[in-house]
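**Q** Below, each chain spelled out in residue letters.
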Amino acid sequence: MRRKPAQEEPLWRDEFSIQSATEKYVARRQFAKFLVLTSLGMFIGNLWILVRSWFLSKPSFAPQRVSGLNEIAVGEVKLFSYPTAEDPCIMIRTGPQQFVAYSQKCTHLSCAVYFAREQSRLECPCHEGYFAVEDGSVLQGPPPRPLPRIRLQRDGNDIVATEVQL
Amino acid sequence: MTRRGGLTAIDGAIALIAILLIIQMWLLTATLESHLAGHPEPILPAAIISAVLFCACGGLFLFIGRIDVEVRSRDDHD
Numbered sequence: 001m002r003r004k005p006a007q008e009e010p011l012w013r014d015e016f017s018i019q020s021a022t023e024k025y026v027a028r029r030q031f032a033k034f035l036v037l038t039s040l041g042m043f044i045g046n047l048w049i050l051v052r053s054w055f056l057s058k059p060s061f062a063p064q065r066v067s068g069l070n071e072i073a074v075g076e077v078k079l080f081s082y083p084t085a086e087d088p089c090i091m092i093r094t095g096p097q098q099f100v101a102y103s104q105k106c107t108h109l110s111c112a113v114y115f116a117r118e119q120s121r122l123e124c125p126c127h128e129g130y131f132a133v134e135d136g137s138v139l140q141g142p143p144p145r146p147l148p149r150i151r152l153q154r155d156g157n158d159i160v161a162t163e164v165q166l
Numbered sequence: 001m002t003r004r005g006g007l008t009a010i011d012g013a014i015a016l017i018a019i020l021l022i023i024q025m026w027l028l029t030a031t032l033e034s035h036l037a038g039h040p041e042p043i044l045p046a047a048i049i050s051a052v053l054f055c056a057c058g059g060l061f062l063f064i065g066r067i068d069v070e071v072r073s074r075d076d077h078d
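Protein chains in written order, with my numbering: chain A, 1 to 166; chain B, 1 to 78.
Keep in mind that the hints were calculated from the coordinates and are not lab data.
Please note that the accuracy of each hint is not assured.
According to the in silico footprint, chain B covers these stretches of chain A (three or more CB under 8 Å from chain B) [what the hints assert, rightly or not]:
| no. | stretch |
| --- | --- |
| 1 | 38 to 46 |
| 2 | 49 to 56 |
| 3 | 99 to 106 |
Derived, one-sided and incomplete: chain B residues facing chain A with beta-carbon distance under 7 Å [said to hold, decoys possible]:
| no. | residue |
| --- | --- |
| 4 | Leu21 |
| 5 | Ile22 |
| 6 | Gln24 |
| 7 | Trp26 |
| 8 | Leu28 |
| 9 | His35 |
| 10 | Ala37 |
| 11 | Pro40 |
| 12 | Pro42 |
| 13 | Pro45 |
| 14 | Ala47 |
| 15 | Cys55 |
| 16 | Phe61 |
| 17 | Ile64 |
| 18 | Asp68 |
Ranges of calculated distance between the beta carbons of each label pair, as one might list FRET restraints [said to hold, decoys possible]:
| no. | chain 1 | residue 1 | chain 2 | residue 2 | range |
| --- | --- | --- | --- | --- | --- |
| 19 | A | Val77 | B | Leu16 | 52 to 60 Å |
| 20 | A | Val77 | B | Ala15 | 48 to 56 Å |
| 21 | B | Gly58 | A | Cys111 | 52 to 60 Å |
Note that CB positions come from ideal geometry on N, CA and C, so glycine has one too.
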C-alpha cells in the first residue's frame, strides 16, 4: 500500500506507526530518544553538583576541647566526636609533644578505623584498608582517599580541635 | 540508503549513544563522590565533559532521525 506524502499524514503517525515495515524505525527512534533524555539527565546532574559546589560555602565549626595535654600516654588514643556528635574521630599521641587526629570513618565504606600500635598505622577491619598515622594517607587496601585530618592546637594544657582538613 | 542499511546505521548509532551514556553515568557518580568528599577540583571539568557527551548523544540522535526520514521517504517513493 502506498503511503500519503509526509505532509498529509496526521502527526500521530510519526510516533505510532501502523505499518509493520516502519515499526522497527519507530521503536529504535523512541529508544534512542529515551537514551538521549537520560544523557540530558546525567548532564543536569553534573550541572547541579557544579552549582552546589559554587554556592555552598565551606562550613566552619567552633573549636572543641579534645583532652588535656597529659590525659593520654604516648602511643595511646582518645576517641572523640568533631565537628558534630555524628562525626567520630580518633586522636593519637605519637610522641611527648606530638598529637594527630583523624576522622574515624574509613574513606572506603565508613567503617571505624582503629590504631594498630605494633604496626604504627590506622587500620580498617572491614576490608583491610591501612592508613599512615603520620598524615592519614592510604598505605594499602580499597580506600580511595586519605583520612580527613582534624587540625589540633594547644590551648594551655588542653588539646583543641579547630578544623577538619579534607 | 536501503532499509537494511538504515537499520544497521541506526543500531550502530544507538550502541554509540549507550556507550556515551555509560561514561556519563560513571562521570556523574565519580563527580558526586568527589563532591561529597570535599574535593571540588574535578567538578567543573566533569560538567564540561558531560556537556560534550550529551551533545554527542544529541548529534547521534539527529543522525538517527535523518536516516529514519531518508529511508521512509525512499519507501514512500517505491
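**Q** Does the nearest C-beta of chain A fall within a distance shorter than 7 Å of the C-beta of Pro45 (chain B)?
**A** The hint is violated - Pro45 (chain B) has no Cβ within 7 Å of chain A, the shortest such distance being about 10 Å.
**Q** Could one say that the CB atoms of Val77 (chain A) and Ala15 (chain B) fall in the range 48 to 56 Å?
**A** holds (54 Å)
**Q** Between Gly58 (chain B) and Cys111 (chain A), does the C-beta distance stay in 52 to 60 Å?
**A** For Cys111 (chain A) against Gly58 (chain B), whose Cβ atoms are near 43 Å apart, the range 52 to 60 Å is violated.
**Q** Are at least 3 residues of the stretch 38 to 46 of chain A within less than 8 Å of chain B when you compare beta carbons?
**A** holds (count 7)
**Q** Does the closest beta carbon of chain A sit nearer than 7 Å to the beta carbon of Leu28 (chain B)?
**A** holds (5 Å)
**Q** Are His35 (chain B) and chain A close enough, Cβ to Cβ, to be under 7 Å, as the hint says?
**A** holds (5 Å)
**Q** Evaluate the given range 52 to 60 Å for the C-beta pair formed by Val77 (chain A) and Leu16 (chain B).
**A** holds (54 Å)
**Q** Any CB of chain A closer than 7 Å to the CB of Pro42 (chain B)?
**A** Check failed: Cβ of Pro42 (chain B) comes no nearer than 10 Å to chain A, outside 7 Å.
**Q** Under 8 Å between beta-carbons, do enough residues of the stretch 99 to 106 of chain A, three at least, approach chain B for the coverage claim to hold?
**A** Coverage by chain B is violated for the stretch 99 to 106 of chain A (0 residues, Cβ < 8 Å).
**Q** Would the hint on Phe61 (chain B) stand, with a C-beta cut-off of 7 Å toward chain A?
**A** Since chain A brings a Cβ to about 5 Å from Phe61 (chain B), closer than 7 Å, the hint holds.
**Q** With a cut-off of 7 Å, does the beta carbon of Asp68 (chain B) approach a beta carbon of chain A closely enough for the hint to hold?
**A** holds (5 Å)
**Q** Given Ile22 (chain B) as an interface hint, is the shortest Cβ-Cβ distance to chain A below 7 Å?
**A** Hint on Ile22 (chain B): violated, closest Cβ of chain A at ~10 Å, above 7 Å.
Of the hints listed earlier, those the structure fails to meet are numbers 3, 5, 7, 12, 13, 15, 21, in rising order.
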